[in-house]
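Asks: In the order they appear, the protein sequences are chains A and B.
Letter 66 of the first sequence, counting from 1, is numbered 61 in this note's numbering, and no numbers are missing.
Letter 98 of the second sequence, counting from 1, is numbered 159 in this note's numbering, and no numbers are missing.
By construction, these hints were calculated from the structure, which means they are not laboratory data.
Careful: at least some of the hints might be erroneous.
[As the list claims (entries may be wrong)] Partial chain A-side listing against chain B, Cβ under 10 Å, derived: (1) Asn26; (2) Gln32; (3) Ile42; (4) His52; (5) Gly54; (6) Arg57; (7) Phe96.
[Said to hold, decoys possible] In silico lysine-lysine, DSSO-like type, Cα no more than 30 Å apart, as pairs: (8) A:Lys64 / B:Lys118; (9) B:Lys118 / A:Lys65; (10) A:Lys64 / A:Lys51; (11) B:Lys118 / B:Lys74.
[Said to hold, decoys possible] If you want the footprint, here are the derived chain B segments under chain A, 3+ residues with CB under 8 Å: (12) 103 to 115; (13) 145 to 158; (14) 163 to 169.
A virtual CB, placed ideally from N, CA and C, is assigned to each residue, including glycine.
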Amino acid sequence: SQQGEEDPQALSIQEGENATMNCSYKTSINNLQWYRQNSGRGLVHLILIRSNEREKHSGRLRVTLDTSKKSSSLLITASRAADTASYFCANVRANDYKLSFGAGTTVTVRA
Amino acid sequence: KAGVTQTPRYLIKTRGQQVTLSCSPISGHRSVSWYQQTPGQGLQFLFEYFSETQRNKGNFPGRFSGRQFSNSRSEMNVSTLELGDSALYLCASSPGQGAQYGYTFGSGTRLTVV
């Protein structure tokens, strides 16, 4: 079973708009990571945020982490058709560094 | 630098057979983890190997096993295949034990059990 939940399950936006997805988890974490997957292929690591960090940026990506609420969000700004993919958050448990994935958010960017 | 290589890419097996999947991590990475991905259960952790030792294990039956060689390459084996074992099997490598760093995933092996 998953260690966390993501919402929304699916998101459809127009090119140029921003996309925001949220993730919650249950246990104390060492870090939280976001991955992208295109059409059932391998996952691509996007960004890692450690438990003592609150916000991190990478290009058009912005990730926030609120450990008091056990939640994180991923914002993709100025979306492009190439951003169409499934996005997964994965939390790393503090006690054994095991990486557990959420169910993912499917993002469709319309041209 | 070469990425994570998984072989084969596709596999079709019959119920009751066994299968071995292979994963070559990024050069220098000593940790290899395996995940099973299905539409119903999502991404489920199978196990992690670091320096030839299994360090973590998910909740899968004993039919699922793995090993890691001295060159960090890893194999996973599934015996007595069941229809429900049909899935995308993903291997990921990392420089250190556990997911303290980001994982690099391979493209996966798609196993179909008929």
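Asks: Now tell me if each hint is right for this structure.
Replies: Cross-check of the supplied hints:
{"no.": "1", "hint": "Asn26", "in the structure": "holds (7 Å)"}
{"no.": "2", "hint": "Gln32", "in the structure": "holds (9 Å)"}
{"no.": "3", "hint": "Ile42", "in the structure": "holds (8 Å)"}
{"no.": "4", "hint": "His52", "in the structure": "violated (16 Å)"}
{"no.": "5", "hint": "Gly54", "in the structure": "violated (15 Å)"}
{"no.": "6", "hint": "Arg57", "in the structure": "violated (17 Å)"}
{"no.": "7", "hint": "Phe96", "in the structure": "holds (4 Å)"}
{"no.": "8", "hint": "A:Lys64 / B:Lys118", "in the structure": "holds (28 Å)"}
{"no.": "9", "hint": "B:Lys118 / A:Lys65", "in the structure": "holds (24 Å)"}
{"no.": "10", "hint": "A:Lys64 / A:Lys51", "in the structure": "holds (17 Å)"}
{"no.": "11", "hint": "B:Lys118 / B:Lys74", "in the structure": "holds (25 Å)"}
{"no.": "12", "hint": "103 to 115", "in the structure": "holds (count 4)"}
{"no.": "13", "hint": "145 to 158", "in the structure": "holds (count 4)"}
{"no.": "14", "hint": "163 to 169", "in the structure": "holds (count 7)"}
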